[in-house]
Amino acid sequence: MQRRYQLACYVTDDLSTAFAARARARDLTVAAALRQLVINDVFGVAYDPREQRNHILFMTIAMDGLLTEHPNRELRSRLIKEWQERVAREDQSHAA
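Residues 3 to 98 in the numbering used here are what the sequence shown lists, from first letter to last.
Simulated from the structure, these hints should not be mistaken for lab results. Values in this document were obtained by computation on a predicted structure and should not be read as measured data. Cβ coordinates follow ideal geometry from the N, Cα and C atoms, glycine included. Please note that the accuracy of each hint is not assured.
Claimed, not checked - Have a look at the derived ranges for each label pair, beta carbon to beta carbon:
#, residue 1, residue 2, range
1, I82, Y12, 29 to 35 Å
2, D29, H57, 17 to 23 Å
3, L68, Q4, 44 to 50 Å
4, T14, A90, 32 to 38 Å
5, V44, E76, 21 to 27 Å
6, L36, L77, 22 to 28 Å
7, M61, R5, 38 to 44 Å
8, L9, H57, 28 to 34 Å
9, A64, Q8, 29 to 35 Å
Based on the provided sequences and hints, a complete structural model is requested.
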């Protein structure tokens, strides 16, 4: 069995509160979020946020092009409306 070691550090109340809130927003425990930070620092970020943004932007542009050329001319506007409604619902659910 592989032995595990505990890492710990001291931070201010404000930093502790902010980190815990950020972990909860990502559906993680504080320990899991801290573990991800350590792993990313040692081995490098598994998925660079800039790279993720670039991939999402490409997919958005590609999807918009495909929907624009789709024979069903209402499909694009219907999907955009559904997307807007879903984003609004998600924003409301996280506000609670």
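- Tell me, in ascending order, the numbers of any earlier hints that this structure violates. Per hint list: 1, 5, 6 and 9 violated.
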